[in-house]
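Chemist: These are the residues of each chain, in order.
Number of protein chains: 2
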Amino acid sequence: MPDSINKLASKFSKLPGVGSKSALRYAYAVLDMSEDEVDAFCEALKEVKEKVKFCSQCGDYSETDICPICASRPKKTICVVAQPRDIAAMEKAKIYKGVYHVLRGTISPLDGRGPNEIRIKELLGRLDGVEEVIVATNPDVEGEATAMYIARLIRPLGIKVTRLAQGISMGSDIEYADEVTLGKAIEARTEI
Amino acid sequence: MPDSINKLASKFSKLPGVGSKSALRYAYAVLDMSEDEVDAFCEALKEVKEKVKFCSQCGDYSETDICPICASRPKKTICVVAQPRDIAAMEKAKIYKGVYHVLRGTISPLDGRGPNEIRIKELLGRLDGVEEVIVATNPDVEGEATAMYIARLIRPLGIKVTRLAQGISMGSDIEYADEVTLGKAIEARTEI
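Chains as they are written, first to last, in the numbering used here: chain A, 1 to 192; chain B, 193 to 384.
Hints may be right or wrong, so weigh each one.
The calculated DMTMM-like cross-link candidates involving lysine to aspartate or glutamate, where the alpha carbons are at most 20 Å apart (straight line), are [to be verified]: (1) B:K206 with A:D36; (2) A:K7 with B:E227; (3) B:K243 with A:D32; (4) B:K206 with A:D39; (5) B:K238 with A:D39; (6) B:K238 with A:D3; (7) A:K7 with B:D278; (8) A:K46 with B:D224; (9) B:K238 with A:D36; (10) B:K241 with A:E37; (11) B:K268 with B:E314; (12) B:K267 with B:D257; (13) B:K238 with A:D32; (14) B:K241 with A:D32; (15) B:K245 with A:D36; (16) B:K243 with B:E227; (17) B:K245 with A:E35; (18) A:K49 with B:E227; (19) A:K14 with B:E323; (20) B:K199 with A:E63; (21) B:K199 with A:E50; (22) A:K49 with B:D224.
These aren't lab readings, by the way, just hints derived from the structure by calculation.
Sequences are here, hints too, so could you generate the full structure?
Modeler: Here it is, written out as structure tokens:
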């Protein structure tokens, strides 16, 4: 195999969830692209690093100092997420109309990430006029720990702190649902 | 979402088997890379287009006029594959020690690809001294048709034409094997 193909494949394999097989497949796909397509690909790679900074308010990726969401939406509710990509997912749901706050990580003592390693101070600095903080961290150990930590900090300030409901996901099979999820779904059952 | 992120995601989504979700995930991963990593990624992309040409004998991707395999291996057997990536797979098996011939496609009337659209003429030009041609095209309609066409051309020249055995794959479940595969596996059963 030509070195340059292996080299490119190794770059692709740095992407999340890309194994050596997919990486090689992508490298071959690049070989099938036209020069122009590859140049455009390159430009897009560099452009994203040049143009995309962080919103000075929510910490989401933004090409402007203040992101469109912070610039346009009411700030009575803040939805706290671990990563910018979580905002993309939330926005797809088209339900939430407030602003966000990106922690850029979760509290994870094992990885040496304490409260000061993530953007909690910045969150505390955004709370005047806020009526509710929705903590939308992942339902895993770090996510839960982070949510609890934030709740303990903010609740005393008289601000409502909520988190996303847990339960069985749409279109999933109860038969295959894990016991923890099912347990939470039973506890949080709603009347019909 | 910043335009440049969407733009990069759209580039990633051009890669085989990459949906919009993965593409966006990759774009975010690029944002987490250092400038240097991104530059290296770009270089690898351009380098592969600049350096990688086709082997003048087998038609595989190669940085040299004649690829290392054609340059070093005996030419008594030629393994015919549809795409360069098939060679990578064959080589991983570490069984075949002959040379290859890349058709760069399969006969597919539906897509308007006849025998002249793929590298069959080039194959016929490589047959002196060849004792066996192993046709390793995919076991699908186009692959089978291509194999049959090649066999009909080459067998009359007194050259043995073989194809890869079909049967159940290692580690697979007979329970879940499709009936065609299972049927072929029964027909081609071997004594133990």
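Chemist: Confirm or reject each hint.
Modeler: Against the structure, the hints come out as follows:
1. Our distance criterion of 20 Å between C-alpha atoms is met by K206 (chain B) and D36 (chain A), whose separation comes to about 14 Å.
2. Taking the CA atoms of K7 (chain A) and E227 (chain B), the gap is near 18 Å; set against the 20 Å cutoff, the hint holds.
3. Restraint check for K243 (chain B) and D32 (chain A): the C-alpha separation of about 14 Å stays at or below 20 Å, so the hint holds.
4. Between K206 (chain B) and D39 (chain A) the CA atoms are separated by roughly 14 Å; this keeps the pair inside 20 Å, and the hint holds.
5. A hinted pair counts as satisfied when its Cα atoms are at most 20 Å apart, and K238 (chain B) with D39 (chain A) qualifies at roughly 7 Å.
6. For a cut-off of 20 Å, the pair hint linking K238 (chain B) to D3 (chain A) stands: about 13 Å separates their Cα positions.
7. Annotation: proposed proximity of K7 (chain A) to D278 (chain B) holds, straight-line Cα distance about 19 Å (limit 20 Å).
8. Proximity of K46 (chain A) to D224 (chain B) is assessed by CA-CA distance (about 13 Å); at most 20 Å being required, the pair is judged to hold.
9. Between the alpha carbons of K238 (chain B) and D36 (chain A) the distance comes to roughly 10 Å, so the proposed pair stays at or under 20 Å and holds.
10. With a CA separation close to 11 Å, the supplied pair K241 (chain B) and E37 (chain A) stays within the 20 Å bound.
11. Taken as a hint, the K268 (chain B) and E314 (chain B) pair is honoured in the structure, with Cα atoms around 16 Å apart against an allowance of 20 Å.
12. Under the criterion of a C-alpha separation no larger than 20 Å, the hint pairing K267 (chain B) with D257 (chain B) is consistent with the structure, at around 17 Å.
13. At roughly 13 Å between alpha-carbon atoms, K238 (chain B) and D32 (chain A) fall within 20 Å of each other, so this suggested pair holds.
14. Between K241 (chain B) and D32 (chain A) the CA atoms are separated by roughly 9 Å; this keeps the pair inside 20 Å, and the hint holds.
15. The suggested pairing of K245 (chain B) with D36 (chain A) holds, with an alpha-carbon distance near 17 Å, which does not exceed 20 Å.
16. For the hint pairing K243 (chain B) with E227 (chain B), the CA-to-CA distance comes to about 24 Å; that exceeds 20 Å, so the pair is violated.
17. Taking the CA atoms of K245 (chain B) and E35 (chain A), the gap is near 13 Å; set against the 20 Å cutoff, the hint holds.
18. Of the pairs offered as hints, the one joining K49 (chain A) and E227 (chain B) holds, with about 7 Å between alpha carbons and a cut-off of 20 Å not exceeded.
19. Only pairs whose Cα atoms come within 20 Å are accepted, and K14 (chain A) paired with E323 (chain B) is rejected, the gap being roughly 43 Å.
20. Simply put, K199 (chain B) and E63 (chain A) have alpha-carbon atoms about 13 Å apart, close enough for the 20 Å limit, and the pair holds.
21. This hinted pair checks out: K199 (chain B) and E50 (chain A) have alpha carbons roughly 13 Å apart, not beyond 20 Å.
22. Annotation: proposed proximity of K49 (chain A) to D224 (chain B) holds, straight-line Cα distance about 9 Å (limit 20 Å).
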